[in-house]
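Enquirer: Top line first, the protein sequences correspond to chains A and B. Just so you know, the first sequence maps onto residues 1 to 143 in the UniProt record's numbering. Just so you know, the second sequence maps onto residues 1 to 84 in the UniProt record's numbering.
In case anyone wonders, no lab produced these hints; they're calculated from the structure. Note that CB positions come from ideal geometry on N, CA and C, so glycine has one too. Just so you know, not all the hints are guaranteed correct.
Keeping only pairs whose Cα atoms sit at most 30 Å apart, straight-line, the calculated BS3-like set for lysine-lysine is [as the list claims (entries may be wrong)]:
no., chain 1, residue 1, chain 2, residue 2
1, A, K59, B, K48
2, B, K48, A, K125
3, A, K125, A, K59
4, B, K48, A, K117
5, A, K43, A, K125
6, B, K48, A, K43
7, A, K59, A, K117
8, A, K43, A, K117
Output of the computed footprint for chain B on chain A, the stretches with three or more beta carbons under 8 Å from beta carbons of chain B [to be verified]:
no., region
9, 33-46
10, 111-119
Have a look at the derived ranges for each label pair, beta carbon to beta carbon [claimed, not checked]:
no., chain 1, residue 1, chain 2, residue 2, range
11, A, E19, B, A61, 29 to 35 Å
12, A, D114, B, D21, 24 to 30 Å
13, A, G139, B, Q43, 37 to 43 Å
14, B, E16, A, E90, 32 to 38 Å
15, B, E16, A, A100, 45 to 51 Å
16, B, G52, A, T133, 21 to 27 Å
17, A, E10, B, V28, 43 to 49 Å
18, B, Q43, A, H41, 33 to 39 Å
19, A, S129, B, E16, 17 to 23 Å
20, B, S49, A, T40, 48 to 54 Å
21, A, E10, B, S49, 50 to 56 Å
So the chains spell out like this:
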Amino acid sequence: MPDSIAIVEESIDYAALTEQVRSNACGAVVLFMGTVREMTHGKQTVALDYEAYPEMAYKTMQQLIDEARAQWEVHSIGIEHRVGHLTLGEISVAIAVSSAHRSEAFEAGRFLIDRLKEIVPIWKKENWSDGTTEWEHPGISAE
Amino acid sequence: MTASSIQVRLFARARELAGSDTISVHAVDEMTVAWLRTAIAEQYPVLKSLSGQLLIAVDNAYAGEEQPLNAEQEIACFPPVSGG
């Protein structure tokens, strides 16, 4: 099964993404789901807006898949990121990884989400419960 | 021949501050990423608060400071990423 990358505006079908990486060759399937959380350092979120630079995001996600494959024996990888307006509990990103044995799937999955947050050009904006909004740009403080 | 301006795509807070998803920067003969960073801050003061932190991508790849630029490339500029 080939790897898959998607940036979508609709809800992520994490069950379908997980099913897509499954195989009789794989004893392990790991799914990571990033989910819109209510409380961040004592502040309450009502929604997040995600924006992507799609052409570059697809390219950098493929780069991450290549890097993961260079380090671990994985069978299939599926990455799906949502953009647009997401409310509490909605899924912003899902990463599914399958491998013959569990350690590779866990390690590759951890690597993929950590690196995605470092280099894939996707941004989120907090919509706080007090009505203010704030882009989350690591290293840049709010004005 | 050098084009008179280069188009730069903006995202996230840079896009919001500029009020546009693309800005036009006056071109010079020999352009680099470092030059572009300075040119954006001079020509779009509204982005100055971000200028030291802006990342620049050329043809969909992160670019180093000394990388040369030309007007035919796809150039983008944005603050640090925060997806996931």
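Enquirer: For each hint, tell me whether it holds in the structure or not.
Expert: Checked hints:
1. With a C-alpha separation of about 29 Å, the suggested pairing of K59/A with K48/B holds against the 30 Å cut-off.
2. A C-alpha spacing of about 20 Å is found between K48/B and K125/A, which places the hinted pair at or below 30 Å, so the restraint holds.
3. Note on K125/A and K59/A: the hinted pairing holds, with a Cα-Cα distance of about 23 Å set against a maximum of 30 Å.
4. Simply put, K48/B and K117/A have alpha-carbon atoms about 25 Å apart, close enough for the 30 Å limit, and the pair holds.
5. For the suggested pair K43/A and K125/A, the alpha carbons sit about 14 Å apart, so the restraint of at most 30 Å is met.
6. Between the alpha carbons of K48/B and K43/A the distance comes to roughly 28 Å, so the proposed pair stays at or under 30 Å and holds.
7. At most 30 Å may separate the alpha-carbon atoms for a hinted pair to count; K59/A and K117/A meet this at roughly 14 Å.
8. Simply put, K43/A and K117/A have alpha-carbon atoms about 21 Å apart, close enough for the 30 Å limit, and the pair holds.
9. Given as covered by chain B, the region 33-46 of chain A fails the check, having 1 residues with a CB less than 8 Å from a CB of that chain where 3 are the minimum.
10. Interface restraint, the region 111-119 of chain A with chain B: holds (5 residues with C-beta to C-beta distance below 8 Å; minimum three).
11. Distance hint check for E19/A and A61/B: the Cβ-Cβ separation is about 33 Å, which falls inside the suggested range of 29 to 35 Å.
12. About 29 Å separates the C-beta atoms of D114/A and D21/B, a value consistent with the hinted range of 24 to 30 Å.
13. For G139/A paired with Q43/B, a C-beta distance near 24 Å fails the hint of 37 to 43 Å.
14. At roughly 22 Å, the beta carbons of E16/B and E90/A sit outside the given window of 32 to 38 Å.
15. For E16/B and A100/A, the Cβ-Cβ distance of about 46 Å falls inside the hinted range of 45 to 51 Å, so the restraint holds.
16. Checked against the hint of 21 to 27 Å, the C-beta distance between G52/B and T133/A comes to roughly 23 Å, which is consistent with it.
17. Taking 43 to 49 Å as the suggested C-beta distance range, the pair E10/A and V28/B conforms, at roughly 44 Å.
18. Between Q43/B and H41/A the Cβ separation comes to about 36 Å, which falls inside the hinted range of 33 to 39 Å.
19. A hinted range of 17 to 23 Å holds for the C-beta pair S129/A and E16/B, which are about 21 Å apart.
20. Taking 48 to 54 Å as the suggested C-beta distance range, the pair S49/B and T40/A does not conform, at roughly 23 Å.
21. For E10/A paired with S49/B, a C-beta distance near 35 Å fails the hint of 50 to 56 Å.
In summary, the structure is inconsistent with hints 9, 13, 14, 20 and 21 from the numbered list given earlier, while agreeing with the others.
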